[in-house]
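Participant: Residue numbers (the numbering used here), protein chains in the order written: chain A, 1 to 328; chain B, 1001 to 1342; chain C, 2001 to 2076.
These are calculated hints, taken from the structure and not from any lab test.
Check the hints yourself; a few may be wrong.
Okay, derived cross-link-like pairs now, EDC-like style, lysine to aspartate or glutamate, Cα gap no bigger than 20 Å in a straight line [as the list claims (entries may be wrong)]:
| id | chain 1 | residue 1 | chain 2 | residue 2 |
| --- | --- | --- | --- | --- |
| 1 | A | Lys140 | B | Asp1063 |
| 2 | A | Lys140 | B | Asp1029 |
| 3 | A | Lys144 | B | Glu1059 |
Quick look at which bits of chain B chain C covers, simulated, 3 or more residues with Cβ under 8 Å [what the hints assert, rightly or not]:
| id | segment |
| --- | --- |
| 4 | 1011-1020 |
| 5 | 1262-1276 |
Counterexamples of contact, computed for chain B against chain C with all Cβ distances above 12 Å [stated by the list, open to error]:
| id | residue |
| --- | --- |
| 6 | Val1200 |
| 7 | Ala1213 |
| 8 | Lys1302 |
Even glycine gets a Cβ: it sits at the ideal position worked out from N, Cα and C.
What follows is each chain in one-letter form.
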Amino acid sequence: MAPTIAQKRWMYRHMLISRRFEEAIERIYFEGKTPAFNMANGPIPGEMHLSNGQEPCAVGVCAHLDAGDVVTSTHRPHHVAVAKGVDLKRMAAEIFGKAAGLSGGRGGHMHIFDPAVNFSCSGIIAQGMGPAVGAALSRKLQGKPGVAVAFLGEGAVNQGAFHETLNLAALWQLPVVFVVEDNAWGISVSKRQSTAVPRNDVRAAAYGMPGTYVPGNDPLAVFAAAGEAIERARGGAGPTLIEIETYRLAGHFMGDAEGYRPAGEKDALFARDPIPALRRRLIEDGSLDEAEADAIEAAAQATVDEAIAFARAADYPAPETALERVFA
Amino acid sequence: MTEQTGRNERRLTIARAMAEAVAQEMRIDPRVFLMGEDIATLGGVFGNTRGLVEEFGPERVRDTPISETAFIGAAVGAAADGMRPVVELMFVDFFGVCMDAIYNLMAKNIYFSGGGIKVPMVLMTSTGGGYSDAGQHSQCLYATFAHLPGMKVVAPSNAYDAKGLMTAALRDDSPVVYMFHKGLQGMGWLGTEPGATVDVPETSYTLPFGQAAVVREGRDVTIVGLAMGVHNALKAADDLARRGVSAEVIDLRTLVPLDRDTIRRSVAKTGRLIVVDEDYHSFGVSGEIIASVVEHDLRGLKAPPQRVAYPDVPIPFSRPMEQFCLPNPAKIVQAFDRMAQA
Amino acid sequence: MTDIIIPIDLWAEDREAVVTAWLARDGAEVREGDLLAEIMVEKVQHEIRAPATGRLTILRQADDIVRKGDAIGRIG
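The task is simple: from the sequences and hints, build the whole structure.
Facilitator: In structure tokens:
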């Protein structure tokens, strides 16, 4: 399954929005945190898990989805949220802890909910999988169109929830796709140190579903694999497990010294940065020319600037609103 | 319950009352469906889903694998997507294998979405011991769930309340943990408290959350309980009455929200408070009830409040050991005697 | 007068049962087919329904041990 020119441009644009957004966050995150690093200080307090480098997973999958489809993501959700169409201004405001944020500042960056595009995430490893399966069940029971996609990291495959939800989804033949973003590291523990099999797509066989491995952090290859899986799900043929070889260009969280990485790994990763690589390919295959590529870049930057400006200018929530919205 | 006479006399066990409430709601609301272990063909280990799969079929009454994390997590996702799932955690003691789905997803998604999504789901789960099932199948854990914000928690003591609270739970847009005591289910093999099997209207009705019931009026002491504790309290009140002591008995019915006003009003009248709780003694329901009274007003108290709760030990298997630990009417009367000496 | 008899084919084995609950009160007016009682054989519950319309007299109380063919109540 090959993307149309419009889809290729869409993927490139959303990879750029995600990257520029995270670069802005990375910069702003350290405001107020230097020279003394105190996580609570600055305009963006708290933990920050960046997804720089993992954009191919998000765009390759979400290119096949519309707002009605359901996506659950992880503690590292920004790239997926961007690709799923989450309101960027309100997501930025949420990350800044502002009243205009998606949940009025209650959730922050690990708890992004945008019901308008059926996006949610959980900060606990593998625990977004159950809700994705349930959304898929809901669509099946209601006879409503739509599929669910659960994003997870390669570290999540050793959680009970992974195995329980794969079994349930296969048993009930639900329209759901499980996408493992294998960035090779669970904080400081490598995949090799934590997982008994080198590739997790083989685990699909244990649940009687197809499993696919996508090497090379390649958005077009992700697009192809995800397209098949989502088509299968939409057609009522049940779930699929996809593992994508990807990598994070940042640490696990902001402030991670990344001492666990072998020497030279980061440089090698940046040399394989998927965004300039996609630009070159799209220009080579005639999907874009240089001027169009530059225009997409500029537009992405403008979108991000606008969102960041919105978040900076927004008001903090009245403290006592912390006591609201516990129940529906 | 007031006894009714004449035609249409109809008593239900709590098990039947729960199933009837769910069935009636399923008939009018296609969004309601069930997931759980042994809830379809078997009708629930505790009888509370009997007859449902026969009427509504296996799509809406779904036997699940033994995968609480998967199906409770799935219920959260289905609830956010417009369904109204009912899930059964067979024994509340099993929460250890699936608590993230319960307290990090079910209980927090409304808040973390700023109210943008609803989580209309009911988690029904059995509580209580007294039948030598030991400490992994006999706990109540009321306080564990009531302590964590974002979940409503109900615990009926009789079939009338069970039906009304279930219907209310099914219509609530927030998650409700519906805790039913095994000894009140009318299942026989778990020991049966006859006082829980009462007249129940056939028509659908709701009971509001956060309204405790004064199930017996009295002047001298307030005994507060929930679920099985209410029946122990009523028996103790009978014993006390024979000694000329007039006990008022309050059935909390719901822990979240908690009707503190009814308790405070009663204690203001009687001046004495005993809390009966089959959950553990420390850091629990009994402490919360007493604190709710004393932080409000100390002046009306004639004696220090007392609690009759489960000691802070895992629940033992051996019958004499377990029975020694459980609350019972005699312990409540003894608690009153301690207060009378004060 | 119609006796409420535990059907002899309600369960296969020759085991005793226990009345776990009366779902109607002594003296109540009941209709034929109404659910009246639950009885239990080991952990399995069985339903006893009214064989006639009329006034219920309970003969065997909750917790009583009963056998197939026993009359647990009467309708008259």
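Participant: So, for every hint listed, does it hold in this structure?
Facilitator: Hint-by-hint comparison with the structure:
| no. | hint | result |
| --- | --- | --- |
| 1 | A:Lys140 with B:Asp1063 | 16 Å, holds |
| 2 | A:Lys140 with B:Asp1029 | 17 Å, holds |
| 3 | A:Lys144 with B:Glu1059 | 15 Å, holds |
| 4 | 1011-1020 | holds (count 4) |
| 5 | 1262-1276 | violated (count 0) |
| 6 | Val1200 | 9 Å, violated |
| 7 | Ala1213 | 21 Å, holds |
| 8 | Lys1302 | 39 Å, holds |
The structure fails to meet hints 5 and 6 from the earlier list, while all remaining hints are met.
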